[in-house]
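Colleague: The residues making up each chain are set out below.
There are 2 protein chains.
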Amino acid sequence: MIHTLSVLIENRPGALARVSNMFARRGYNIESLAVGPTERPTVSRITLRVDCSVHSLEQIVKQMHKLVNVLRVNELEAETAVERELALIKVSAPPDKRAELLALAEVFNARVADLGPDAIVFEVVGVKELVRTGRIGLGRSSLRKAPPKQHALR
Amino acid sequence: MIHTLSVLIENRPGALARVSNMFARRGYNIESLAVGPTERPTVSRITLRVDCSVHSLEQIVKQMHKLVNVLRVNELEAETAVERELALIKVSAPPDKRAELLALAEVFNARVADLGPDAIVFEVVGVKELVRTGRIGLGRSSLRKAPPKQHALR
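Heads up: the sequence lines are chains A and B, in that order.
If you number the first sequence the way the working numbering does, the last residue is 154 and the count never jumps.
If you number the second sequence the way the working numbering does, the last residue is 154 and the count never jumps.
Bound conformation, chain A alone (with noise of 0.2 Å):
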């Protein structure tokens, strides 16, 4: 299962390195991680997202509050948390098919960030929402008729 935790560390040269070092210690793949300035210039937060039991989580979260330079750490909860995630996207984009991919782009609230003669960059904002529905599925109608690389939008 995939938990997001979010961590408060003092900006020091090597506080990320000794976070990574743990995961890595220990064997868990990080799927994401952002880290970057808050509020205050003397902190900044990491958010990472990693797939382990919820055992595992919890050794994490106690190693992590071990470790120097780490002020706190929260599991950020799908009940409870307002989580975001920031995409660009580069779709090859011959120009018979540029109309097709902007539609497409729409349907999915996909910005265009750059507009080149051969590819388009999408940017994203992915929102996950508060409560989950579980997963639910549909056959892709699109599959017929997919446009190269339309799968990057979904």
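I should point out that these hints are in silico values taken from the structure, not numbers from a laboratory.
Every value quoted in this text rests on a predicted model; they were computed, and no experiment measured them.
Wrong hints could be hidden among the right ones.
For chains that are exact copies, the list does not tell them apart, and a pair is met inside one copy or across any two.
The calculated lysine-lysine pairs, modelled on DSS-like cross-linking and capped at a C-alpha distance of 30 Å, are [as the list claims (entries may be wrong)]:
(1) LYS66 with LYS97
(2) LYS90 with LYS66
(3) LYS62 with LYS97
(4) LYS90 with LYS62
Given the coordinates of chain A, assemble chain B onto it according to the supplied hints.
Modeller: Leaving out everything else, chain B in the frame of chain A:
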């Protein structure tokens, strides 16, 4: 000067640790870093910002190329790259300040991600211009009657 590097790495435990260790060993502080999946399941992309001289950057790039799991390193330059940053900003918002804050948010193109009884979480996507104007500035006229934590919206 702040430089942005885009690094493709193999999606293996320890790959991020090797990269962040290299920065820590050399004493460079990473301003921000994001790592996440790409369109290829075995490859992740790290985008990081580091404040260093052009000479140091050359050394960093050289060292990174030597690391296990690092596939490609590119500097993203303002003239040729599309850069975005997503921020979630929680602002304390007592009822009598809410209208003012929401009006301000509109000016800065911030969207409301969560609205609580005492706080609002805003979502802002920052566009780092493709061509820079150089730094320009004006005195803040808002300093006289700033709402609480309004600075977080700029």
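Colleague: Indicate, hint by hint, whether the structure satisfies it.
Modeller: Evaluated hints:
no., hint, verdict
1, LYS66 with LYS97, "neither (54 Å within a copy, 40 Å between copies)"
2, LYS90 with LYS66, "between (41 Å within a copy, 28 Å between copies)"
3, LYS62 with LYS97, "neither (51 Å within a copy, 39 Å between copies)"
4, LYS90 with LYS62, "between (39 Å within a copy, 27 Å between copies)"
Of the numbered hints listed earlier, those contradicted by the structure are 1 and 3.
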